[in-house]
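Following the hints, position chain B against chain A.
There are 2 protein chains.
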Amino acid sequence: MPAIMKAIIITIGDELLIGQTVDTNSAWMGAELSNIGFDIIRKISIHDLRKDILEALAETAGKSEVVLITGGLGPTSDDITKQTICEFFGTRLIMNNEVLAMVTEMMKKRNFPVNENNRRQAEVPESCLVLKNEAGTAPGMWFEKDKAIFAFMPGVPYEMKYLMKEHVIPELKKRFTSQVIIHRNIMTYGAPEAKLAELLEGFESSLPSYIRLAYLPASGIIKLRLTGTGTDRKALDKAMEENVMKLYKIIPHLIFGENEEPFEVVTGNLLLERKQTICTAESCTGGNIAHLLTSVPGSSRYFIGSVVAYDNKVKENILGVPAEVISKYGAVSEEVARLMAEGARRIMGTDFAVATTGIAGPDGGTESKPVGTICIAVASAHGTVSEKHVYGNERIININRFSIAALSLARKQIIGQ
Amino acid sequence: MPAIMKAIIITIGDELLIGQTVDTNSAWMGAELSNIGFDIIRKISIHDLRKDILEALAETAGKSEVVLITGGLGPTSDDITKQTICEFFGTRLIMNNEVLAMVTEMMKKRNFPVNENNRRQAEVPESCLVLKNEAGTAPGMWFEKDKAIFAFMPGVPYEMKYLMKEHVIPELKKRFTSQVIIHRNIMTYGAPEAKLAELLEGFESSLPSYIRLAYLPASGIIKLRLTGTGTDRKALDKAMEENVMKLYKIIPHLIFGENEEPFEVVTGNLLLERKQTICTAESCTGGNIAHLLTSVPGSSRYFIGSVVAYDNKVKENILGVPAEVISKYGAVSEEVARLMAEGARRIMGTDFAVATTGIAGPDGGTESKPVGTICIAVASAHGTVSEKHVYGNERIININRFSIAALSLARKQIIGQ
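If you read the protein sequences in the order shown, they are chains A and B.
Going by the working numbering, the first sequence opens with residue 3, and the numbers climb by one from there.
Going by the working numbering, the second sequence opens with residue 3, and the numbers climb by one from there.
In isolation and in its complexed conformation, chain A is listed as follows (with noise of 0.2 Å):
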């Protein structure tokens, strides 16, 4: 078996260590080159400080084949990246033309003018290969050193993301022949991770060395992630479909999806293959439904529009909702939820129709209704169907929760289960 080659990430940047950005480059990062068989053996965020980034770049010899780095590339006085590199690569910056050339015709484009800041991007170091950077002004640059590449990227994701589809991960891939690694994920919901290991500890114990098990939990869903390393793909796919052949026939009632897809995008598929549509009637959710099911590319045609319902004047007015029943049972009900459903389907003329009302919080729980309450309701040409659950106290984690809920009470009209 070869050795698998090994990556290190490394991003640029105060505001990461300080949090005030979250980093989702180096997850991205991650991902692509987790796909094309790399083990990324540490992510490593730093301040954008000389020491601190020779002391990064001269931590990673002879760990890894990649260095992978982001941030700290443009245009403002708060980056002093390329100095460093110049110094630790044993450089000097130089104008590039044709970086300039690309920077003047972009900032032309924006109708902006090229000032200094702009100019100064267009200085990349003497002995680098430049990397185009058709999506932003600070190109990208290759380096290497001691048998192991480094490739620094500018930390704005679209541009990063740009350079690694269109530069970095070909050139990888044309360098290095992979070691086969399968992820295959399996989305569950409707068990928390305990019950769930519970459920797999047979299965668990009867997997392969070269298979390993993950749990990934996140709002409800558990994730489970199974990871098999081989050199031989084809023999490797096929213990892989075995084992999740053999996780559907454990959790058949568990399992709503592959491959990181999302309950929006599960739904979304089967209203696509059923040619059917769908709308929402949300109050406590805000619109987060619509919001996660607009997010799909193509969703227009299954996803026919929402009432958020804030108010309750607007579950009347709009959505018909009676005022008495509003009054009788509360806004937040079963009642209410299954009216909205209905009235949101009858003005939208959908195959479907999903409704929230509940309690997100932080505020307005009473003793009979905490926060964290939330009724759900799908109409449908079968009838009518509602649920209702308590969460927690986190208005954001309940409103992911709310709706993701929401979303698998739709599934599950919608394949009849």
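It is worth saying that the hints were derived from the structure and are not from the lab.
Mixed in with the good hints, there may be bad ones.
Given that identical chains are not distinguished, each listed pair holds provided it fits within a single copy or across any two copies.
[As the list claims (entries may be wrong)] Straight-line alpha carbon distances no greater than 30 Å define the calculated DSSO-like cross-link-like pairs of lysine-lysine that follow:
id : residue 1 : residue 2
1  : Lys149    : Lys53
2  : Lys53     : Lys8
3  : Lys176    : Lys149
4  : Lys8      : Lys84
Only chain B this time, still in chain A's reference frame:
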């Protein structure tokens, strides 16, 4: 000037390295530590492997006063952190009856039986101080070694936050007299980074050595972060305030808020002050503006509702946009945006209504209306205003930028700018 206390954050988990989970924990922890005066010198993410954990813990020696570690403490068997911790600190796992009682009670509340996995969670290293976790089943652990503090917490964000707020932060505050570090964040919108840097060149060069300026761009918004360091809080506060005031003089038209407050919070506060209300009519943003507005606690005091009019029939039937206008100008037009806003305001009876119609992509663009085109309108008692912009090609980024542009226009209308 006393030395600034240093901290290192270590997050453990394969899912972080292969990018299946974005590390939001370390960002949150970094912000908390920064607030109490720590300099977070490094964040590291590593595999859930004995060797890697031991190596990362050993590397912190002599570098920082505090090491915070999350992850690897879940109830499932992919977690080997606790055994490794014992090895590092030269201790062994013992059953903690108090923790076991808590776990048992928690599982009972959720109607799940206590199983072997849960019981294992109640085992803790003999030499540590146990940090009670009332938010979950895995306790936190506090060690002191070679003059450094090590605090281990589970990776579930909600549980980590509980332990940080209840135990770690209060204890660190007690132990260390803080160097004063003050951050001020000025939120700007409407000028790209290089342009802003040009406008602020004189300001930046006039800053005293103990105040740093950083540009943090995200989705069209650029945060200007001023970081001041000193020992006298009052003097530092005054100097920071003076410099913030200077910024307000130089770029008054670009500043929309402070302190990380996004447009939905700023807009919401303005409406609260004025006792006014808002609603949205969203096509391409698919409910995201409503979602943003309702993610703010207490938003029910000014947010009434939304009509997500993805399908043209919803624009016509619910918002009352005449079919002729849609066919004459196209659904993506300022004319339709204006009528959507006016229709929403009429049916929901609000002071302001924000409308969007555009092409988020990746498909659906034409030569005259490429992907990234957005028309936004805001209707109020003062009439209706509209704007048209063209952004980029990425759907999720576009939805976000469209929403921000719409909220910015709404804000301007609310303050009568």
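Review point. Which numbered hints are broken by the structure, listed smallest first?
Key: none
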